[in-house]
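S.K.: Could you put the whole structure together from the sequences, leaning on the hints where they help?
Chains A and B, in that order, are what the protein sequence lines are. Residue numbers are given in the numbering used here: position 29 of the first sequence equals residue 29, and the series is strictly consecutive. Residue numbers are given in the numbering used here: position 4 of the second sequence equals residue 4, and the series is strictly consecutive.
The hints are simulated quantities; they were obtained by calculation from the structure and are not laboratory data. Virtual Cβ for every residue (Gly too), placed ideally from N, Cα, C. Among these hints, one or two may not hold up.
With the Cβ distance kept under 10 Å, some of the chain B side facing chain A (calculated, not the full set) [unchecked claim]:
#1 E45
#2 S77
#3 L135
#4 G139
#5 I143
#6 R168
#7 C170
There are 2 protein chains.
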Amino acid sequence: MRETWHVNAAQDPVDENDRLHRLYGVGFEELQVPNPERRLFLSLERQVDLLELERLTTAVGWRPRPIRRVRRALCHSLLVVGVWCHDPLLPRLVGFARCIGDGVINATVWDVVIHPAYQGVGLGHGLMAFVVKQLQVMGVEQITLFADPGVIRFYQNQGWEVEPNNQRCCFWYAC
Amino acid sequence: MRETWHVNAAQDPVDENDRLHRLYGVGFEELQVPNPERRLFLSLERQVDLLELERLTTAVGWRPRPIRRVRRALCHSLLVVGVWCHDPLLPRLVGFARCIGDGVINATVWDVVIHPAYQGVGLGHGLMAFVVKQLQVMGVEQITLFADPGVIRFYQNQGWEVEPNNQRCCFWYAC
Ligand SMILES: CC(C)(COP(=O)(O)OP(=O)(O)OC[C@H]1O[C@@H](n2cnc3c(N)ncnc32)[C@H](O)[C@@H]1OP(=O)(O)O)[C@@H](O)C(=O)NCCC(=O)NCCS
Ligand SMILES: CC(C)(COP(=O)(O)OP(=O)(O)OC[C@H]1O[C@@H](n2cnc3c(N)ncnc32)[C@H](O)[C@@H]1OP(=O)(O)O)[C@@H](O)C(=O)NCCC(=O)NCCS
Chain A
1 MRETWHVNAA
11 QDPVDENDRL
21 HRLYGVGFEE
31 LQVPNPERRL
41 FLSLERQVDL
51 LELERLTTAV
61 GWRPRPIRRV
71 RRALCHSLLV
81 VGVWCHDPLL
91 PRLVGFARCI
101 GDGVINATVW
111 DVVIHPAYQG
121 VGLGHGLMAF
131 VVKQLQVMGV
141 EQITLFADPG
151 VIRFYQNQGW
161 EVEPNNQRCC
171 FWYAC
Chain B
1 MRETWHVNAA
11 QDPVDENDRL
21 HRLYGVGFEE
31 LQVPNPERRL
41 FLSLERQVDL
51 LELERLTTAV
61 GWRPRPIRRV
71 RRALCHSLLV
81 VGVWCHDPLL
91 PRLVGFARCI
101 GDGVINATVW
111 DVVIHPAYQG
121 VGLGHGLMAF
131 VVKQLQVMGV
141 EQITLFADPG
151 VIRFYQNQGW
161 EVEPNNQRCC
171 FWYAC
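M.R.: The structure is reproduced here in structure tokens:
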């Protein structure tokens with residue numbers, strides 16, 4: 001009986017949408033991927049576990065940061081986006097990006113990452129398109145980011161302008 | 001009698017400091033300038049009049065922005081700094097800078113400007129040193145900015161690294 005209820009529920013699009021809402025919050029979106037057995041979701045609201053985020057960023061070779069500082073930085077970000085490999089009980093974080101900014105004139109995208117096992121099938125593009133759309137809806141005038149040499153093409157292919165008017169980025173580090 | 005009281009007050013360092021606090025708020029600083037008849041102050045708290053800010057930014061050739069949007073952007077900035085030419089009744093805004101950021105990991109400096117009549121005597125350096133110090137006190141790890149070709153040297157001379165690791169800045173515009 002219980003089994004039957006589960007099977008019926010999974011086929012009911014209203015219930016299914018409701019369940020996805022509960023997992024991914026308001027404004028979630030599904031990403032199309034080649035593998036039909038995997039479902040991938042973009043979420044603005046699903047809470048990111050900071051240890052899971054650390055595993056994701058160390059998987060692409062970034063040095064870990066103190067969890068306490070990451071928590072505060074996320075709290076004060078304009079936008080935090082997770083890419084989730086769907087599981088009805090425990091979705092896994094396989095991508096991430098966040099933005100800082102005033103939400104009006106300027107926003108800067110930081111910490112764009114897709115887990116190596118999920119790269120090269122369009123998730124990065126989907127994530128960036130989602131981020132830009134969210135900032136557009138807010139009405140942000142200008143979005144900026146800093147691209148490592150290996151990913152400049154990745155951003156250019158999505159319509160980002162590299163160094164317009166010969167502007168150069170300058171960095172200052174605390175230590 | 002009144003005259004005398006004024007003269008005495010101006011010579012009393014306690015009263016004088018009190019008066020400067022009322023004008024420039026907590027954490028103000030005086031900038032040293034060659035002309036001994038002018039006093040210049042950096043302030044985090046003195047309210048910037050948005051029309052005065054527009055006059056300042058148009059004086060260096062920046063196109064005006066809708067006041068309503070500038071107000072919202074300033075409200076959501078991490079730091080807003082004014083450079084004021086001192087007058088006991090009505091200080092004039094002669095310089096400006098603001099930062100966006102999470103206050104922990106990243107901050108970006110925007111809209112750095114000194115009025116042309118006040119350029120070349122060290123105010124820009126003083127303003128930037130103040131901005132960096134404030135962000136350091138907050139504990140921000142990494143500060144970034146975008147420099148027009150003509151001002152790259154200006155930032156480099158103050159210890160900013162240009163395109164470390166060959167990073168390039170990418171821009172995306174709303175219109
Ligand atoms: C950069 C990064 C986020 C890209 O993520 P991704 O999911 O691999 O990106 P995509 O799959 O959307 O695009 C990657 C390439 O695969 C190609 N691709 C897209 N969909 C594809 C598909 N269905 N099948 C095969 N290839 C595809 C794209 O053409 C793209 O090529 P391009 O870069 O020349 O445009 C990811 O490589 C990463 O996390 N890198 C390490 C961290 C990093 O460097 N972050 C950026 C810091 S600035
Ligand atoms: C860029 C800008 C903020 C600099 O402000 P500034 O007050 O002129 O800057 P400073 O006076 O501190 O420094 C300017 C130069 O004058 C020199 N200078 C500093 N103190 C001086 C003094 N007492 N006497 C003579 N020259 C002096 C400095 O060596 C400096 O040279 P450098 O750029 O090679 O380091 C200003 O020119 C400006 O508002 N420009 C238009 C807007 C703009 O381009 N903003 C930056 C956008 S990224």
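S.K.: Hint by hint, work out which the structure violates, then give me just those numbers in ascending order.
M.R.: 1
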